[in-house]
Amino acid sequence: MGRIGEPRYAFDRLLTAPDSSATAEMGHLKKQVVTVVLHMQDARYKALRPDEANRGYKLTFESPKNDKLALFQHGERAFDHILLLPPKSKGLGPALTPKLLLQFINQNGNILLTLSADSPTPTSISSLLLELDIHLPPDRDSLVVDHFNYDAASASEKHDVLLLPQGSRIRSDVKNYFGGDGTIAFPRAVAQELGNSSPLLAPILRAKSTAYSYNPKDEAEVVEDPFAVGEQISLVSSMQARNSARFTVFGSAEALENKWFDSKVKSVDGKDSKTANREFAKQITAWTFMELGVLKVGRVEHHLSSITGDAAGNDSVAQLGYLNPTIYRVKNDVTFNIEVSEYTYDHLSPLKVDASDALQLEFTMLSPYHRLDLIPISQTPNSTIFSSTFKLPDQHGIFSFRVNHKRPFLTNVDIKREVTVRHFAHDEWPRSWEISAGWVWIAGVWITVAGWVAFVGIWLWSEPAYEQSKGKKMQ
Amino acid sequence: MRLPNQLLSSLLVLCAASLGVAATWGFEDATVSVNKRGAGVGGGFKEKIGQNKALSKPVTLGASETLKILLTTKEDNKAKRPHQAFLLVQDPQSKLDTSFAFQVKENGKGKIELTQKDLPTQLLSSTGPLDASLIIASFGSSKPYNGKAFDLTIELDSGSPLPASEKPLRYGKLPEIHHIFKSDPKSPPKIITLVFAAAVIAALPILLGAWISLGANLNHFSKAFSSSPIPHALFFSSILAMEGVFFMYYTSWNLFQTLPPALGIGLVTFLSGSRALREVQGRRIAGLR
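Here the protein sequences line up with chains A and B, keeping their order.
Going by the UniProt record's numbering, the first sequence opens with residue 1, and the numbers climb by one from there.
Going by the UniProt record's numbering, the second sequence opens with residue 1, and the numbers climb by one from there.
Among the hints, erroneous ones may be present.
If the Cβ cut is set under 7 Å, some of the chain A residues that face chain B in the computed set are [unchecked claim]:
no.	residue
1	Ser156
2	Pro199
3	Asp394
4	Gly451
Stretches of chain A that chain B covers, calculated by requiring three or more beta carbons in the stretch to come under 8 Å of a beta carbon on chain B [unchecked claim]:
no.	stretch
5	224 to 235
6	354 to 364
Calculated from the structure, these hints are not laboratory results.
Keep in mind it's a predicted model, so treat the numbers as computed, not measured.
From the three backbone atoms N, C-alpha and C, an ideal C-beta is built for every residue, glycine too.
Looking at chain B on its own, in the form it has when it is part of the complex (with noise of 0.2 Å):
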């Protein structure tokens, strides 16, 4: 596999030199490990990176753990050593990157070792893996390379969580309010306020019926008017009119509305019930009730 691509790669370059193109940049012999603090060589992941030809997996990089990129810098396949050898860590949703530069010697060999205490938290507290690719420039007309290398999987300590990181103050669209002091105050559904309603609408039938029941009547009715017809006439107006007045007090009227009328019927209420309530005692007297 890695064999015709590196074929490939050479022929391009050579075609590229032929054509006149300026040289380019590369890198063989990478390889990328992530090792526990403490392990032995050997002891965690490592795999090779080829030229254009991006990990299909993702290197996961732990609390503990140190990742380290080893390779040869090549300017065609001449090992130099370039200006610029970095390694470019990008979040892709966030688009926040940041680079870190090898040690590169002359001989074009360089060397990274990077732990998750390098990282800025903003690349830490990213969700999905991120994307490391390596830049290897410098000065001339060399054509320089950038290519990704691996998906970097950040694997957080759970025993240590990330230092909190407040988010600094930017202007911008603050979230809508609607603050409530007091809410309204809340009447129970129609239906049960207007059975109950009934049931008391319902108590004036039933205590007539029962007043009916044990034989009250209307009989002296005509006795009364025969005898005295304004005193009776004018009390009991007067009573309907006082139960009338306290109804439009109870709608629109104000009290200073009110207490003329209602001083004026109790007049009358006095005066014509004191009249009403002697003749009810003359048949009293006469033995009719």
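Chain A on its own, in the form it takes in the complex (with noise of 0.2 Å):
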């Protein structure tokens, strides 16, 4: 693909933005020089590798047929993130295989797949993808076409560069990352379906209902049985593995490249707009390479809340030592903090939870005895605090505080911290003038003293009330 020595991809400039000073404190990204192999054949993309990225990344241009390019070095990842780019050849060769990608995966590597219709999909990723339950049409030049919705300007006979909005959200309680007033040009783009089983898939862009999906070689006069039609069509998907590593399937790789990064386009009723290619990929790129969406944990503390008082913030729980306590009783009252941060793009910020949304905390034991909402308390600059406070169950034995968070778009989250509940102490339960229903005994107990006492005395003291001479005992 593509025309030699034609720089047609923009990621050195995108990724090398000049307007950020990347200070990547988020353990992801420690390795601060990131690499991305671009994985072309055309010898001259080397030509494109860029100075030390202002955004962090150092690129490092291959070809699958480089017999040196190895994922993996002495058993570790020698990359942090592969950008895969549609190949010239039928395959991928041996140093990217779909087992070896899943390994990259599985060792937090990050990949962005790009496909294209005009490049048949080598089987090795048709097969890495079903593994994933996504789904790419059967025959391999398939590509997305919209009557509806494409570029009058360039596409006015074939109609298959969509024209689509930013990305919405997936569901209403999910962070939108890829949002945008701007249109996304995407042309000759490869439908992709995905399973329903699976929590880890999300569509990140959906086509319009009027799209559909056909082979231009045997479908050429008229479709009758489309691959996939309507919203069902995904365009760009992504998996978010469940070690948070992610992986982004691109539906078409021309998007991303040079021409159609601000580049105008018509929609179909005649409106000029710029597109938002480069946004999107930006967006896409920094999603993928773990610049958005990641959640790191501050603090976590637990109390009892009656020792707080009056005393201001935490600070006095952890002077007197009363913080994190290994023991609690059942049925105390206890206050639970965490401190979370988002990272975005340079820095950490507070996370917000969608209000339709919760950060959740379980006190389990096997199974959750307590799920609550955490409320966000307090914020700093780049954190936000989420407290709850509820009362332990009447149970004893070994509990946990989790907070698992997992959702779409966003690193998993599972933090535990384990304390013991022990049982009352005999002098810990409530005395008996406290229960209402033991009054009757407790009055009929102090009574009987009383009685006593008064028959004691007058058994002591008492004349006998009968007649002397009468009630004289007989001997």
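Take the two lone chains and join them into the complex the hints point to.
Structure below.
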């Protein structure tokens, strides 16, 4: 693909945007120099190798034909991220087999895979996607057309350059990292269909309901059995693995080319607009390469609610040594605080949770006894402190405070703090007079006491009531 | 009704053509029919669909029925085969949609047959009627057609319910849990407790009253105290003190705080008691009681 010597892709400019100073403090980004493999056949793209990148990326361009290309060195990842562009050759070679790519994901590497209808997708890629429950059209030349939303300027005849608004929320409670007001030009895209069973998959950009996928070779005249139609066509799909490694399938490699960045397009009803491909590409690469939607947990604290008293903040609790005790009693009132930040491009910002969503705390022993919404109580410049106060359950045992926050497009958080919950000591139960039902018995006891004392007095000092003579005992 | 409409649309097309606007896709002779399997032709529901004019009443598709649409697609007024001739079925509430392609011949004659089996369960289980639209479009500059045709009501067979589709796992907020292992014990209303407590307390004055009516008195008090004052005072107050010890044990003392004073008081009771009771015996022997 591509003519030799033509700098078609703008990654170097995109990934090296000159306005950020990439202070990567996140664990994921510790390797500040991030490497991208541009998996391309074209040797001339090596000329694109940029300077040390401002956005923190160091790009390496490799061809699958390069024998020395290896994703792993001494069993460790040699690169942080991979960007795969469609190859000209049929296969991807021995260095990029599905097994190695999966191993790369399993070792926390991120992959941005681009597809193109112009060059057939290698079977190894299709089978890799099939393993992830992402389905590509069976015939390799298929592309997506939409006769209602196409670029009238460049594809007035073929209608294969889709014009789409920037991504919308997939669910009302999921944050949209790919939004914006712009229009994305999506030329010659490959449709993907996502399996319904996996929670790890999420579509980023979907086609409009009038779009469909067809094979220009076999179905040139009429389409009677399309592979995918309407909004079930995912043009950009994401898979976030259980280890939070990200894998993005980008349906149109051409959309990332220089010529579609900031180019002019014309909609069907004749409106001219500029493409937002540059911004969208930035969002996609930033999300895939862990610059967006990465959560970091700061302080995790718990203590008895009663001992904070009037003290401001938790410093007093810490000073008194009451912070994070290892043991509580059943029915104690306990406060749990957690500090969470979200990494946004180059800094940590406070995590904002949508009103319809919530960060949730579970208090569990085998299964959760309590699951409570954590409420944001304060903010620092780069974190939000969430808190919840609750009464421990009336059951002793080894419990744990657990925050298991899994959401689409956010890295997984699974925090566990184990505590012992003991039962009441003998002198911690409520006293009998606090139980109103016991008042009758308590009154009975003390009335008996009073009666006994009165009886003793009368027995000691009473004069017989009967006549002395009559009552005299007969011996 | 239909004639003026057709006139109007053809006028519009004419206008469009005269203004130099591209040709438009459309259709004619469109009929929608619903037939029961095995039933003869013309048995079931049949209605004509006009261009840009949705049917006013919904089309009902039963469990063993087949929905059939016949139409002739046209580019401007010429019958022609488009690349895309779809029936788009959409759930207006969930916005889920799917499309079904017409089988279109070269001369533009298109046909589609639809049964409940063809529809995905997500649409079958929708509560309201579905929107059915016709999409006719092709390459080139001709204006595509996308218009609502009718409301599709799904009538499920009550005998064979939908295959239970389990809701797939999605990460999101989970319902709150407030599990109570054992709920707190409850007390009866306080008023009942107070009534019975009052009854218990009232037993003391009744007892004392009964004793007094039977002639109980303290007439020997001065006699007892004049003959042996210290044993009587000590004996009675030690009994009181013992009750006091019990009270302290009940409210705050533990067993080790309780036992020493109880032993001391017990000794006093024993010693003073023997003296006091000897005095009482003396009164009995003297015939005073």
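Which hint numbers doesn't this structure obey? none
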